[in-house]
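Peer 1: Take a look at the letters that make up each chain.
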Amino acid sequence: MMEINKWFNHLTKNFVSIYPLVVFRIFFGIILFTSTLRFILKGWVYDLYLKPTYFFTYKGFDWISPVGENFIYGAFALLLVFSLLITLGLFYRISAVMFFLVFTYIELIDKTNYLNHYYFISLMSFIMIFLPANKFLSIDNLLGITKEKRFIEAWKINIIKLQVGVVYFFAGIAKLNYHWLIEAQPLSNWLKHQSDFPLFGNLFLNDYAAYIFSWSGALFDLLIFFILINRRYRIYGYLLVVLFHILTSIMFPIGVFPLVMIFTTLIFFSDEFHEKLLSFINKNKFLKKYQNEIINSKKEKNLLIKLLLTVFFILQLILPLRFLLYPGKLFWTEQGYRFSWRVMLIEKAGYAQFFIHEPRMNRKMLIENQNYLTPQQEKMMATQPDMILQFAHFLSSEFKDSTINESNGEIIYLGENPKITAKVKVSLFNKGSKDFINSNVNLSNIKRGLKHKEWILKYED
Amino acid sequence: MCISCQKKGCTDPVAINYSNEAEKNDNSCQYQDFDKFDLLTNLTNNYILPSIESYKNKVTLLNTSTDLFILSPNIINLNNLRSSWEETHLNWQDIAFLDFGPSEYILLRSQTNTYPIDTTEVNNSILNAEWNFHNATYNDSKGLQALDYLLHKPGYSDLQLINYYISNANAKEYLKAITDDLMVNINYVNNEWINHKSNFINDFEINNSGFSSNSQGSSISNIINALCLHYEFYVRRGKIGLPLGVFNGFSQQELPHLVECYYSGKSLQNTTRCINSIRNFINGSGYINNDNGLGLDDYMNFVNAEYNNMQLSKVIDNQIVTILEELNNYNNPLSEAIMNNKDALLNSYEELQKLVPFIKVDMTSGLGVLITYQDNDGD
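Protein sequence lines, in the order shown, are assigned to chains C and L.
Take the first sequence: its letters are residues 1 to 461, numbered as in this note's numbering.
Take the second sequence: its letters are residues 1 to 379, numbered as in this note's numbering.
Hints should not be assumed to be uniformly reliable.
[Stated by the list, open to error] List of simulated lysine to aspartate or glutamate pairs, EDC-like, C-alpha gap at most 16 Å:
#, chain 1, residue 1, chain 2, residue 2
1, C, 423, C, 378
2, C, 434, L, 326
3, C, 348, C, 461
4, C, 423, L, 350
5, C, 348, C, 368
6, C, 431, L, 12
7, L, 7, L, 23
8, L, 24, L, 38
9, C, 149, C, 271
10, L, 354, C, 435
11, C, 434, C, 460
12, L, 24, L, 35
13, L, 8, L, 35
14, C, 348, L, 306
15, L, 176, L, 130
[What the hints assert, rightly or not] Output of the computed footprint for chain L on chain C, the stretches with three or more beta carbons under 8 Å from beta carbons of chain L:
#, region
16, 184 to 194
17, 279 to 285
18, 336 to 350
19, 400 to 413
20, 427 to 438
[Said to hold, decoys possible] Pair by pair, the computed Cβ-Cβ distance ranges are:
#, chain 1, residue 1, chain 2, residue 2, range
21, C, 408, L, 289, 48 to 54 Å
22, L, 347, C, 405, 25 to 31 Å
23, C, 329, L, 308, 17 to 23 Å
Source of the hints: derived by calculation from the structure; they are not laboratory data.
Glycine is no exception: its CB is placed at the ideal position from the N, C-alpha and C atoms.
Let's have the full structure, built from the sequences with the hints guiding it.
Peer 2: In structure tokens:
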């Protein structure tokens, strides 16, 4: 018991060098800045937030929207400003708070754009709010906004390591399934299209290649955290991190995520390593040793923050496992799929047609999805039941109480709750498109929420 | 030696060691080595370039026929112009779905074959001798469909039509402007293809690492996205579904005037030609000699794409054949078949509909192509 206590204190309360946190602040800030800039320059602000007329919001956050052109471009401009301020360590706290809020707001606009690495950035920027990353080598120091500090409590470094560990470990757990391990899916399909990959292309055509990639990928995710925290094997672990992320970034269109991980995992290296990095910026700061500062450092009593962060991590341990509460096949129903580090796990494609039914009659009208959705939204919706339901509700409200003037002169009144049905075909792991949901169910009458969606048809292998 | 063993061998006709004496497959089938570069080479050299060149030649002929007709509007020259138009139109169907690269850049499809035609705008333009084909608002008063109208004006006998052109210099000029416009556009597309074909074969959007993974912007992705969009939107919907009334509210009242080539009544031949061309393209058939080269079908076989334990390529081909057989049951003009034979046509439409998920869901995911017309990150 004493031992555990000692160990826990060592990881949380002991004073350690601030250098790793400062390096993290600078690199993470630069990545946030460049990836935001890249996003803007690629024209995605328009494509994702201005072109669509409808947005798949998250339940509880339906009030969130891009508002308008000035608002959304303003939000992205703020991200640029705050990420720059974080990098420089200027007005750090308020910048971290604002970056987290603005970034998360943008991510909550549309489920279509959900990516695990955006989720990671949201979480990380939340954590950064509580870390004193501006206490050294920052403009805040120069301006006297905050006092310089070389030693901080260990949890303020280890919490970043823990967050990285959670990401990798759950990504590993998620790979422990029949398709990934036994069928080597979806990699065996994806690798076949990579036969022109430099040097190794032809090897990818070998049946074993997909198995080697799948199994080593799973092992990497499960073990990398433990390798990185081990002083002796850390350097090999880091080489693996670099290799793994460079390989995946060449093979798949995953944007800046590999860079995020390659730089974030530097946090695992020693204080001396980070001291060397920082001395490139300002050599004079490292001329003498400051060991006695530890003794003068007071332990802070920030119970509330500690409690908040504990709850934050407990939630992160529960969220990826919530799928266990739902019957049926996770990859088919996707109930409890998001926010769980399921990365590159499934190959799924779909096609959905929606119908509005005439009250009390046997006639229905086919909806042309492209009148309401962008191709990207249509594609993402076709395989995700909660989005199918949302779109049905949107159609129901669009046509509620409306009258349709038919070309043959008929006038049809749709009533206050028009019946909506959908015919959806989905293919999972290329096993052939199959009916996805019960096409007789009136989706207008089904409530949104976390309850099991009984109208999803059973997956037949 | 057992005699029955001799009946074993490779029973798959697609394989290179197919034996027509074999009765039982002994898993010895060997297939042609698949290579994306060879696939793109075959599609480009043996389908895309020759089909575009052929269409270009047809348009050139059409332009000459127009000159002849304008010079001396008579029945021989009128019929010559009409048949030249008909040939050009059929040839258009062979390239309509190649809507990527230069064709996509100049919106060739909208410039060439937008319908229904705005006849009021056509007649006003002729009356006032005022038009601007560079402006996209004129897309529905130029191109092949405007010729459909102008060469088969409703209520005009051949003689009346000839007299119309004899007495109307603006109308003659308008005809010529249309065929000139078609020529300018296809010459541009043809030249671009000739000059940049190696970029396409080598995949011009290759990412920094020097290879492509069928990601957004790659040649394969361009081909498949264009094919799916054209079939779903412009064939299934535009050529059949829309005039049939499938998209027309609750009453689903038929809208026969929305068919392609409404005025000449030559709709069905263009529909079947287009579907047939899509079939040839998927199967990698040469445009000139119909030789079976590497096509999307071979790609699907190479990655073992399946549907209900059948080869997906076979399922798609069977479905296309079914569609063609269905359409064979009707006669021109389609606008009349829609009025007189709607129920049967609705059943045929269902067959056209069935092909959509096969190509849009099964084929694209089998070939690792994302159906999206916009660039984005994944995870």
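Peer 1: Next step is simple, just say for each hint if it's right about the structure.
Peer 2: How the hints compare with the structure:
1. 423/C / 378/C: This hinted pair holds, its Cα atoms lying about 14 Å apart.
2. 434/C / 326/L: violated (24 Å)
3. 348/C / 461/C: Distance ~14 Å between residue 348/C and residue 461/C Cα, so the pair holds.
4. 423/C / 350/L: holds (14 Å)
5. 348/C / 368/C: violated (22 Å)
6. 431/C / 12/L: Violated, because 21 Å separates the two Cα atoms, which is more than 16 Å.
7. 7/L / 23/L: holds (5 Å)
8. 24/L / 38/L: Measuring from Cα to Cα gives roughly 31 Å; hence the hint is violated.
9. 149/C / 271/C: holds (14 Å)
10. 354/L / 435/C: holds (13 Å)
11. 434/C / 460/C: Holds - the C-alpha atoms of residue 460/C and residue 434/C are around 9 Å apart, at most 16 Å.
12. 24/L / 35/L: violated (29 Å)
13. 8/L / 35/L: Given pair residue 8/L, residue 35/L is violated - Cα atoms ~29 Å apart, limit 16 Å.
14. 348/C / 306/L: The given pair, whose Cα atoms are some 14 Å apart, holds under the 16 Å limit.
15. 176/L / 130/L: holds (14 Å)
16. 184 to 194: n = 5 at 8 Å, threshold three: holds.
17. 279 to 285: violated (count 0)
18. 336 to 350: holds (count 6)
19. 400 to 413: holds (count 6)
20. 427 to 438: holds (count 5)
21. 408/C / 289/L: 48 to 54 Å: With a Cβ separation near 50 Å, residue 408/C and residue 289/L satisfy 48 to 54 Å, so the hint holds.
22. 347/L / 405/C: 25 to 31 Å: Roughly 28 Å apart at Cβ, these two residues keep to the hinted range, so it holds.
23. 329/C / 308/L: 17 to 23 Å: Since residue 329/C and residue 308/L have Cβ atoms about 19 Å apart, the given range 17 to 23 Å holds.
Hints 2, 5, 6, 8, 12, 13, 17, counting from the list given before, are not met by this structure.
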